[in-house]
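With the hints as extra help, turn the sequences into a complete structure.
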Amino acid sequence: MSVCTPKSFDLTGKVALITGASYGIGFAIATAMANCGATIVFNDLRQDLVDKGLAAYEAEGIKAHGYVCNVCDEDAVNAMVAQIKEEVGPINILVNNAGIIKRIPMIEMKASEFRQVIDVDLNAPFIVSKAVIPGMIEMGGGKIINICSMMSEFGRETVSAYAAAKGGLKMLTKNIASEYGQYNIQCNGIGPGYIATPQTAPLREIQPDGSRHPFDQFILAKTPAGRWGEASDLGGPAVFLASEASDFVNGLILYVDGGIAAYIGKQPG
Numbered sequence: 001m002s003v004c005t006p007k008s009f010d011l012t013g014k015v016a017l018i019t020g021a022s023y024g025i026g027f028a029i030a031t032a033m034a035n036c037g038a039t040i041v042f043n044d045l046r047q048d049l050v051d052k053g054l055a056a057y058e059a060e061g062i063k064a065h066g067y068v069c070n071v072c073d074e075d076a077v078n079a080m081v082a083q084i085k086e087e088v089g090p091i092n093i094l095v096n097n098a099g100i101i102k103r104i105p106m107i108e109m110k111a112s113e114f115r116q117v118i119d120v121d122l123n124a125p126f127i128v129s130k131a132v133i134p135g136m137i138e139m140g141g142g143k144i145i146n147i148c149s150m151m152s153e154f155g156r157e158t159v160s161a162y163a164a165a166k167g168g169l170k171m172l173t174k175n176i177a178s179e180y181g182q183y184n185i186q187c188n189g190i191g192p193g194y195i196a197t198p199q200t201a202p203l204r205e206i207q208p209d210g211s212r213h214p215f216d217q218f219i220l221a222k223t224p225a226g227r228w229g230e231a232s233d234l235g236g237p238a239v240f241l242a243s244e245a246s247d248f249v250n251g252l253i254l255y256v257d258g259g260i261a262a263y264i265g266k267q268p269g
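Taking the numbering used here, the leading residue of the sequence shown gets 1, the next gets one more, and so forth.
These aren't lab readings, by the way, just hints derived from the structure by calculation.
Predicted model, so just to flag it, every value in this text is computed and none were measured.
Cβ atoms here follow ideal geometry from the backbone N, Cα and C, with glycine treated the same way.
Errors might be hidden in some of the hints.
[Unchecked claim] Pairwise CB distance ranges (calculated): (1) D73 to D51: 16 to 22 angstroms; (2) R46 to R115: 19 to 25 angstroms; (3) K110 to L252: 30 to 36 angstroms; (4) A55 to P268: 42 to 48 angstroms; (5) F215 to D48: 29 to 35 angstroms; (6) R227 to R156: 17 to 23 angstroms; (7) E244 to P214: 42 to 48 angstroms; (8) R103 to A59: 27 to 33 angstroms; (9) P268 to R227: 18 to 24 angstroms.
Written out as structure tokens, the structure reads:
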């Protein structure tokens, strides 16, 4: 497997834990890191999902290490981190990627549904970061990357829980940077724009009359790039934030959005 250059982006010898990276954005980020020399570790909720992920990595020529773990369970996370240290090595890079979304109007959303999104998208990154930071301090540094969102900055209909969680994750990112930067730990976030993944597939479905989904049309009109992002578009930014090239970058949310945040959008008609 080729190792990327320049040397400051080389991740050889680094162990990277990417949560929920059996597929999608996490898989693309892990693949990019593996191509730069990192050893990849990931988790999923069930063994069959882990096995599916391992097969996908093997098909890409990557030897990954998969673990069954619910990242919302603090005891399970602590046990997984200890097991990774014993079986693979201490974790140098953490990507808090695991997440869910529920598209439900706020007044129709149950409090239990709201709590579930907060638990997975905000509490879990706190739990996993808390588990790996002591080891990073012991090693003299480390990298934490939180997968934030455009909803870390903007609101939109039906995603109150997701926006609240991702806004909180933005501030958790800044606080980890503030609290642990003195230990040479850099904590940054990536805010993907609208990425073509299974999670967003319903928003891109062609309608019965052959037209694009209304939300698909909206995103294309709002994005200067004129397209949805691909999961692979996040690989380069993730490698940068995981490497020594970003050693003096801390508390940043890097929006990889095709320019949405900079653009008012096309005039209708």
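Can you let me know if the beta-carbon spacing of F215 and D48 is within 29 to 35 angstroms? holds, 31 angstroms
Is 16 to 22 angstroms a correct range for the gap between the Cβ atoms of D73 and D51? Since the Cβ atoms of D73 and D51 sit about 20 angstroms apart, the hinted range of 16 to 22 angstroms holds.
Holds or violated: the 17 to 23 angstroms window for the beta-carbon distance between R227 and R156? With a Cβ separation near 19 angstroms, R227 and R156 satisfy 17 to 23 angstroms, so the hint holds.
Could you see if the CB distance from P268 to R227 stays within 18 to 24 angstroms? holds, 19 angstroms
Check the following: the C-beta atoms of K110 and L252 are separated by a distance inside 30 to 36 angstroms. holds, 35 angstroms
Could you tell me whether the CB distance from A55 to P268 stays inside 42 to 48 angstroms? holds, 46 angstroms
Holds or violated: 19 to 25 angstroms for the Cβ distance of R46 and R115? holds, 22 angstroms
The hint says 42 to 48 angstroms between E244 and P214; measuring C-beta to C-beta, is that right? holds, 45 angstroms
Quick check: does the Cβ-Cβ distance between R103 and A59 fall within 27 to 33 angstroms? Between R103 and A59, where Cβ atoms are some 31 angstroms apart, the hint holds.
When held up to the earlier numbered hints, the structure conflicts with none and fits them all.
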